[in-house]
Amino acid sequence: MATILNAPLYDAVRGYVAKTRFHMPGHGGNNLDGGLYLSAPFDITELPFCDNLKNPSGVIRDAEILLAEAYLSEDALMFATGATAAVQSALYAARERYGKNAVIADNCHCSVHSALRLLGMSATVTGGEHKGYVISPEDAAAALDKSSAKILVITTPDYYGRTLDTAKFKAIAAERGACLIADSAHGAHFAFSPLFPPPASQYADLTVYGAHKTLPVFTGGAILCGNTILIAKARVYRSEYATTSPNYIILASLDYARAYLSINGRTAYERVFADIRAFKRSLPQFSFLDNSDFTKLYFNCPSAALEAAGVYPEMYDGNGSLLIVTPFNSRALKPLVEKLKSVTPLKSVIPVASINKRDRRENTDGVKIRLEICDEAPSETEAKSATTATSKSDATPMSAATAALPKSEVKTATTAPHKTETTSSAVTKIAPPKKTAKSTEKDVKPMGKPSAKTKSHKGKSLKSVLVEIDDAKGYISEFDIGLYPPGVPRILAGNVITADDIIFMKKNKNTLFNLVNGKVCVII
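First residue of the sequence shown? That's 353 in our numbering, and the numbers climb one at a time after it.
Just so you know, not all the hints are guaranteed correct.
[As the list claims (entries may be wrong)] Restricting the straight-line Cα-Cα distance to at most 30 Å, the calculated cross-link-like pairs of lysine-lysine (DSSO-like) are:
1. K498 x K452
2. K406 x K371
3. K452 x K815
4. K871 x K861
5. K585 x K520
6. K699 x K861
7. K861 x K815
8. K452 x K371
9. K859 x K825
10. K502 x K452
11. K815 x K859
12. K502 x K371
13. K699 x K858
14. K825 x K871
15. K825 x K858
16. K858 x K871
17. K502 x K520
18. K406 x K498
19. K406 x K452
20. K693 x K859
21. K815 x K858
22. K585 x K406
23. K498 x K585
24. K585 x K699
To be clear, the hints were calculated from the coordinates, so they are not data collected in a lab.
Kindly produce the complete structure, drawing on both the sequences and the hints.
Structure representation (structure tokens):
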């Protein structure tokens, strides 16, 4: 007998088929091409039976309550416009209750930076090398103590599957009367198997999940979990600023994924774990990152070898390839083994902490990381306690190579054209933009010695121009710039562009975000 899923929104959307339509969208539910439009019958608008995302009181609200239960949270909101909208809603809610100042981790996604600017907020960016992590509890505590901020934003897990001990960060925030926001965009699957650390929403005041990244959810499906008061405020933002025409296929897939994995997740991820373990054992020539989220398979394999095998990785960053493995593709690892057995690994794999940080280091030939392959799945007790900032698997990832590499340079980080104030070697202050800002050495601290171009701007009104990458040195970047994926800015808006930044942009020109037709938008 087929299992009956408790998925009220999915059932409502799934049940609306082959009926006469005189409402949006314009395709009328017709499968126009036998391919792309196969989903057209389920692409509907707000109708009496399917609720309204702006003020849910029916099947959408029922689905949100079930999401909150699954993620061990008081309440939850659904989004059809991605984790970015959830990040904006979270920061709006926190700002309304805790003020306009925040402390954010050094590896926060570009959506956090842009949301701060949109909401007129200030931020202190902090972090450092701590056993493979970009931010430690000590970093967060020091930054909160040095600032007046009552909002702390962390990323866990990051793009590479490394996690933080959310409970520790929650305790640090709570001791200071601050709100903890966890960007867990890549951790939506943690709630469905004891093989993973606990979901961040078990501890954080607000948690963002980009569900489509790891769950069987259509692109754009996201969730915001949190306590009742903050979710109520976030709901206002969603209603005011998110789309008034949400995609019901996306929303219904959120509901379905939660219902399906609530029943099948435990068994499904045990199989995924076994498939990944077999894959690693069969390819001993490669080095694999030891991380808390075993479904993020990061190893020193050239992307060209994968593409030649008909496989497209989630990301290739020059140091290795990242595969996102799910219950719906893990079986494809076995046939991939034979195609990779003769592939020569990349010469070096830089510790992942360095990839996220703006440390200006280039690859170092000869730096080779070899990580142990976990032979046994952790017990349920071990998994539940493995919030992993201090776990064995994450406390020493790539430790030998990390010790051999030079210390990261500390760079000024801003969201300018904003005033910048360095508060310590690992803490940088960001102030919100002023309508009549002037670009002076006092207003914007460059990361290196200012060029003549930068000095000549003193006392002049600011304007934006586009310049070629080769000509951008010494100018102030108007936008955040970095690799996408993972979407962590390397150059923050307001930073003076250095010679190393030029090398970085030229090397990665086709995978950067916020270039404009291949050019850099700068302030003069």
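Each hint tested on the structure:
no. : hint        : in the structure
1   : K498 x K452 : holds, 15 Å
2   : K406 x K371 : holds, 25 Å
3   : K452 x K815 : holds, 26 Å
4   : K871 x K861 : holds, 9 Å
5   : K585 x K520 : holds, 25 Å
6   : K699 x K861 : holds, 23 Å
7   : K861 x K815 : holds, 24 Å
8   : K452 x K371 : violated, 49 Å
9   : K859 x K825 : holds, 15 Å
10  : K502 x K452 : holds, 8 Å
11  : K815 x K859 : holds, 27 Å
12  : K502 x K371 : violated, 52 Å
13  : K699 x K858 : holds, 22 Å
14  : K825 x K871 : holds, 13 Å
15  : K825 x K858 : holds, 12 Å
16  : K858 x K871 : holds, 11 Å
17  : K502 x K520 : holds, 16 Å
18  : K406 x K498 : violated, 39 Å
19  : K406 x K452 : holds, 25 Å
20  : K693 x K859 : holds, 29 Å
21  : K815 x K858 : holds, 24 Å
22  : K585 x K406 : holds, 13 Å
23  : K498 x K585 : holds, 28 Å
24  : K585 x K699 : violated, 50 Å
When each numbered hint is compared with the structure, violations occur for hints 8, 12, 18 and 24.
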